[in-house]
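> For reference, the chains in residue letters:
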Amino acid sequence: MRAFGLIIVLLTGGLLLWGVRDFPLFGAADSPANGGVVTAYYLQHTMQDARVPNAVTTVLADYRSYDTMFETAVIFTAGIAIFAILRVFDDRGGRRLRKSQDAPVKGDQYRIIVGTTSRLLIAPIQLFALYVLVHGHHSPGGGFQGGVIIGASFLLLAVARNLQTSLDRFPERRFLAMGAGGVLIYAGTGLLCMLLGRNFLDYGALQAVLPATGPEMARSHGIFAVEIGVAVTVSASMFAVYAMLASRGRLKDGL
Amino acid sequence: MPTPFQILLHNFNYVCYVVLLMIGLHAMITKRNLIKKLIGMSVFSTAIILFYVSIGVNNGGDMLAGHDGRPVGNIPVLEHGIGHDAITHPETIDPRRYANPLPHVLMLTAIVVGVATLGVALAITQRVFQDYGTLEEDEILAQLNNPQENDD
Amino acid sequence: MIWQFDTLLLVLLIVAAVISLRIKDLLAASVVFGIYSFLMCLLWAVMAAVDVAFTEAAVGAGVSTLFMIATVYQTTRRSSD
Amino acid sequence: MTEHFPVFIVLIPFFGALLCGLLGMRWPRVCPGIALAGMGLAVVVAAAILQRVAEVGEWSYFVGKWEQPRGIGIELRVDGINALVLSAVAVVGWLVAVFSPGRLGRDEESKPTQFYILFLLLMTGLFGITVTGDAFNLYVMIEISALTGYALLAMGPHSRARLATFNYLIMGTIGASFYLLGVGYLYLHTGMLNMAGIHTVLAANPASSVALVAFTLIMVGLWLKMALFPLGGWLPNVYTYGPPLAAAAAAPLVTKVTVYVMVRMMVTVFGWKWVFGGGGWNEAVVWLAVVAILAGALMALAAKDLKRMLCCLILSEVGYMVGGAWLANRWGMTGAIYHILGDAFMTLTLFLAAGVLAGRAAIFKLERFEGMFRRQPWVMAAFAVGALGMIGLPPTCGFFSKWFLIRGGLEAGHYGYVGALIVSSLINAVLFFRIFEIAVFGSKPGKHGYDGPQVVVEPDGVKAKGGDLLALYGAAAMVVVVGLGSGWISGVIQRALEVNGVPLAAPAVLAPAVDETPTNDH
Numbered sequence: 001m002r003a004f005g006l007i008i009v010l011l012t013g014g015l016l017l018w019g020v021r022d023f024p025l026f027g028a029a030d031s032p033a034n035g036g037v038v039t040a041y042y043l044q045h046t047m048q049d050a051r052v053p054n055a056v057t058t059v060l061a062d063y064r065s066y067d068t069m070f071e072t073a074v075i076f077t078a079g080i081a082i083f084a085i086l087r088v089f090d091d092r093g094g095r096r097l098r099k100s101q102d103a104p105v106k107g108d109q110y111r112i113i114v115g116t117t118s119r120l121l122i123a124p125i126q127l128f129a130l131y132v133l134v135h136g137h138h139s140p141g142g143g144f145q146g147g148v149i150i151g152a153s154f155l156l157l158a159v160a161r162n163l164q165t166s167l168d169r170f171p172e173r174r175f176l177a178m179g180a181g182g183v184l185i186y187a188g189t190g191l192l193c194m195l196l197g198r199n200f201l202d203y204g205a206l207q208a209v210l211p212a213t214g215p216e217m218a219r220s221h222g223i224f225a226v227e228i229g230v231a232v233t234v235s236a237s238m239f240a241v242y243a244m245l246a247s248r249g250r251l252k253d254g255l
Numbered sequence: 001m002p003t004p005f006q007i008l009l010h011n012f013n014y015v016c017y018v019v020l021l022m023i024g025l026h027a028m029i030t031k032r033n034l035i036k037k038l039i040g041m042s043v044f045s046t047a048i049i050l051f052y053v054s055i056g057v058n059n060g061g062d063m064l065a066g067h068d069g070r071p072v073g074n075i076p077v078l079e080h081g082i083g084h085d086a087i088t089h090p091e092t093i094d095p096r097r098y099a100n101p102l103p104h105v106l107m108l109t110a111i112v113v114g115v116a117t118l119g120v121a122l123a124i125t126q127r128v129f130q131d132y133g134t135l136e137e138d139e140i141l142a143q144l145n146n147p148q149e150n151d152d
Numbered sequence: 001m002i003w004q005f006d007t008l009l010l011v012l013l014i015v016a017a018v019i020s021l022r023i024k025d026l027l028a029a030s031v032v033f034g035i036y037s038f039l040m041c042l043l044w045a046v047m048a049a050v051d052v053a054f055t056e057a058a059v060g061a062g063v064s065t066l067f068m069i070a071t072v073y074q075t076t077r078r079s080s081d
Numbered sequence: 001m002t003e004h005f006p007v008f009i010v011l012i013p014f015f016g017a018l019l020c021g022l023l024g025m026r027w028p029r030v031c032p033g034i035a036l037a038g039m040g041l042a043v044v045v046a047a048a049i050l051q052r053v054a055e056v057g058e059w060s061y062f063v064g065k066w067e068q069p070r071g072i073g074i075e076l077r078v079d080g081i082n083a084l085v086l087s088a089v090a091v092v093g094w095l096v097a098v099f100s101p102g103r104l105g106r107d108e109e110s111k112p113t114q115f116y117i118l119f120l121l122l123m124t125g126l127f128g129i130t131v132t133g134d135a136f137n138l139y140v141m142i143e144i145s146a147l148t149g150y151a152l153l154a155m156g157p158h159s160r161a162r163l164a165t166f167n168y169l170i171m172g173t174i175g176a177s178f179y180l181l182g183v184g185y186l187y188l189h190t191g192m193l194n195m196a197g198i199h200t201v202l203a204a205n206p207a208s209s210v211a212l213v214a215f216t217l218i219m220v221g222l223w224l225k226m227a228l229f230p231l232g233g234w235l236p237n238v239y240t241y242g243p244p245l246a247a248a249a250a251a252p253l254v255t256k257v258t259v260y261v262m263v264r265m266m267v268t269v270f271g272w273k274w275v276f277g278g279g280g281w282n283e284a285v286v287w288l289a290v291v292a293i294l295a296g297a298l299m300a301l302a303a304k305d306l307k308r309m310l311c312c313l314i315l316s317e318v319g320y321m322v323g324g325a326w327l328a329n330r331w332g333m334t335g336a337i338y339h340i341l342g343d344a345f346m347t348l349t350l351f352l353a354a355g356v357l358a359g360r361a362a363i364f365k366l367e368r369f370e371g372m373f374r375r376q377p378w379v380m381a382a383f384a385v386g387a388l389g390m391i392g393l394p395p396t397c398g399f400f401s402k403w404f405l406i407r408g409g410l411e412a413g414h415y416g417y418v419g420a421l422i423v424s425s426l427i428n429a430v431l432f433f434r435i436f437e438i439a440v441f442g443s444k445p446g447k448h449g450y451d452g453p454q455v456v457v458e459p460d461g462v463k464a465k466g467g468d469l470l471a472l473y474g475a476a477a478m479v480v481v482v483g484l485g486s487g488w489i490s491g492v493i494q495r496a497l498e499v500n501g502v503p504l505a506a507p508a509v510l511a512p513a514v515d516e517t518p519t520n521d522h
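Quick note, the sequences are listed as chains A, B, C and D, same order.
For reference, each letter of the first sequence is one residue, going 1 to 255 in the numbering used here.
For reference, each letter of the second sequence is one residue, going 1 to 152 in the numbering used here.
For reference, each letter of the third sequence is one residue, going 1 to 81 in the numbering used here.
For reference, each letter of the fourth sequence is one residue, going 1 to 522 in the numbering used here.
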């Protein structure tokens, strides 16, 4: 098996290195990718089209928003898939519950210090997450990063204290509904644009709904609505995956 | 025809991405422990993301930094002053001064897909441990060849 | 884009990947994989891909390392290779 | 409203899954209804798309109205090829949705809502793959259908299903990552992600090792995901030990849609001249397909239980399609695309019948077919129709796809491929008549003549419910309908291939003076 693996690795590595020969120089400004029409259009028209200085956010949520919608669907799918594989409702399921045979990790005596500091930290973390989400137009950040940081604040509570305290604040029924709800916000915005007569996910149509905004600002608000949907789904799914993995699907005794 | 040494010098990033890719692929094929396979899978996915981001790097071509006082090849976010007057006439922005935003968008997707796949794989690993009591592939196959207790 | 810093990071990345795959203790391997992800995030930040670096730090390094550690806690830390 | 149809067909199962996600927690009974209604609507929309594309020829839809300059937005393109695949996927999805309510309770653990969410997301991924005209968006869709496939197949009661799904996940991730790497190399070389855009730039400067490496990576990645023989080790275990409902949903679709992706890459993205202009290395791929066909057939002969046999047949069917596509002439490609449609329905029929007969057991030894014609006459009749399709008897679709493939093989002068097709059809005949013999005469060899002991028939627990039979007969009927409609279907495919510049004969090979135009003369 080892020799077989080595042969495949050398074969693929040789093919890829042979391909590197014809690559444009690293960082070349006139390479087909960097000097192309598409890149120039993105950088030059991000302000004109959507009033969003961060070109990455514009491309992510407006020019290629169909991609990002299905990427949010991937996160929602991961949450549902792990729920389907791991979740066990009645603990008397008869399956032998193998506890891991390792010695418990020492260091429980620091629980009070860790617990208190994490409790103090969680509120600023969530505030920062909202800042990242809202400020995605002007600086690097946006739906994914904001959503993960909100999820991470609940994970911090689950790791510092125990899973049950986190689940009291973010129960199972809520994070499953939020998972689907976030993607529905995203796809719903796109559908709204379709109902208003333009193509799917064409936020220019939202100006009919939003008070006193031109098509560009409508696009900017559309991007923001979509980012909120992404943040909701990502935070719910990340916490759901951790809750399932840390408790072998029983959502009782976490790490 | 660039000599191999020139390639190593200029395109060192691409050579390193191939090395990381091969480390990941080798681990996925030959490692016996399931979680080690998953670490190899993550290294494999991260190496592809490194390749994509390396495409987007831009050193501004002939515009040396400080040539016209403004930095080159920086983050694809338009500075406040420049961005404002780009609304009316967009051609004032010179794309060579910014990194290429498209690979960055694609890689946000790839990172998230990588974590989603890792999560599902770890869930399956836990169920395999519940059924067979071990994470080593050869021990599991040994149990399969002389089944004592698993249902068929 | 200071190429010395870029080269150093790339070498450290390869070293971290090899270590993470050779350590026998799975908990340690997960933590070294976290280091690998943070190095990758640093490298992308140097390459002016700050959005990707932000996401990798939060999603790639932070959360996936935690998933691995949660799984190792529920299974076993011993690994034969 | 009709001009939104290309994106509409992807959104129907997507919104269905989200509704299941929201409502399914409190009212699990609503999910089968959503699935049935959604897939029914999808069939109607797919038929409307097919009908319009058959006239107009091509339909492109820009998400978000970003048309100029080309490549900044995501474009969905539907032409003759993917309109047909779209309709096949929609009908198969609807039949599995009809089949699922009765079957669900027994197989999956107590999570019906999650099953329907994953099933509808799988259909969303497959529709997305078929419709998209953007190379990176295709990767996202491949990942959605892959993730839902892993979860559906890992949900089953059998412990070996999870180990098999773990290997499937590793191989599937390697395949999808190779495809992603290939798209990255293409983007590096052309600066475009839009399939039509890549084609125009590649046509301008074809000779570059980056494009060649990209093509190799994409092909190896797709062959890994469609389980072409040497790379398909993961398939038999996954669909044998996986839950029968998930196998019935994934087996007929996932590999076939990946073959469609390969065809799309060869015909639209790289272009016919680029792929076949170079040396004769397409001969090597056809010989690889011949190896796949024969290996799949021999493994099926060696298989002792029904589901493993069907899985090995899938491996050889993939060999048919890959060989047909690489014959470098239009009839071979027509046969490959037509086989995607036909094989989806044949595999669905056989897997639905296996699901009904085997029930919860993963291993359904062939000896248990004893007296099955008397015990389950309706199920066995549908199984027989699927079997005749596999063997290739008219009027089933199997016959016509083999007809096109053999014609392509003869025109390309590749007699090894034609021989492999014939040999594997004979082996299919042996496989299925062996089952019929056991079903009628019993499994003790040598003692069945007229005076042989009558097969004792004891009723066993397997009883087919209403939903099963409706789905089974729908699938069996589709096998025959696709066969009867082969003239119209091959006409649509021929026109689509003609538009995409697929010549009648391979450029290098001087085809015999076949001068009749490709009008559908039969």
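Misleading hints may appear alongside valid ones.
Said to hold, decoys possible - With the Cβ distance kept under 7 angstroms, some of the chain A side facing chain B (calculated, not the full set):
#1 Gly-14
#2 Trp-18
#3 Val-37
#4 Thr-39
#5 Leu-191
Claimed, not checked - Have a look at the derived ranges for each label pair, beta carbon to beta carbon:
#6 A:Ala-208 / C:Val-11: 31 to 39 angstroms
#7 D:Pro-157 / B:Glu-139: 57 to 65 angstroms
#8 A:Ala-208 / D:Ala-48: 56 to 64 angstroms
#9 B:Pro-4 / A:Ile-112: 54 to 62 angstroms
#10 B:Asp-138 / D:Ala-477: 32 to 40 angstroms
#11 A:Pro-171 / B:Asp-138: 39 to 47 angstroms
#12 B:Phe-5 / D:Gln-68: 21 to 29 angstroms
#13 D:Pro-69 / B:Ile-87: 13 to 21 angstroms
#14 A:Pro-171 / D:Glu-498: 42 to 50 angstroms
Hints listed in this document are in silico derivations from the structure and should not be mistaken for laboratory results.
C-beta atoms are modelled at their ideal positions from N, C-alpha and C, and glycine is treated no differently.
> Each hint should be assessed against the structure and marked as holding or not.
For each hint, the structure was consulted:
A distance limit of 7 angstroms between C-beta atoms decides the matter here; for Gly-14 (chain A) the minimum to chain B is near 9 angstroms, and the interface restraint is violated. About 10 angstroms separates the beta-carbon of Trp-18 (chain A) from the nearest beta-carbon of chain B, more than 7 angstroms, and the hint is not met. Because the beta carbon of Val-37 (chain A) sits about 10 angstroms from the nearest beta carbon in chain B, more than 7 angstroms, this interface hint is broken. A hinted interface residue such as Thr-39 (chain A) counts as satisfied when its beta carbon comes closer than 7 angstroms to some beta carbon of chain B; here the least separation is about 5 angstroms, so the hint holds.
For Leu-191 (chain A), the interface hint is violated, the least distance from its beta-carbon to any beta-carbon of chain B being 22 angstroms, above 7 angstroms. Roughly 56 angstroms separates the CB atoms of Ala-208 (chain A) and Val-11 (chain C), a value that falls outside the hinted 31 to 39 angstroms. Taken as a hint, the range 57 to 65 angstroms is violated for the pair Pro-157 (chain D) and Glu-139 (chain B), whose Cβ atoms sit roughly 22 angstroms apart. For the pair Ala-208 (chain A) and Ala-48 (chain D), the supplied restraint of 56 to 64 angstroms is violated, since their beta-carbon distance comes to about 28 angstroms.
For Pro-4 (chain B) and Ile-112 (chain A), the Cβ-Cβ distance of about 59 angstroms falls inside the hinted range of 54 to 62 angstroms, so the restraint holds. Evaluation of the 32 to 40 angstroms hint for Asp-138 (chain B) and Ala-477 (chain D) yields a failure: the beta carbon distance comes to about 48 angstroms. Between Pro-171 (chain A) and Asp-138 (chain B) the beta carbon distance is about 42 angstroms. The supplied range of 39 to 47 angstroms therefore holds. At roughly 44 angstroms, the beta-carbon separation of Phe-5 (chain B) and Gln-68 (chain D) lies outside the given 21 to 29 angstroms, and the hint is violated.
In this structure, Pro-69 (chain D) and Ile-87 (chain B) meet the distance hint of 13 to 21 angstroms, their C-beta atoms being roughly 20 angstroms apart. Between Pro-171 (chain A) and Glu-498 (chain D) the Cβ separation comes to about 59 angstroms, which falls outside the hinted range of 42 to 50 angstroms.
When the structure is compared with the earlier hints, violations turn up for hints 1, 2, 3, 5, 6, 7, 8, 10, 12 and 14 and for no others.
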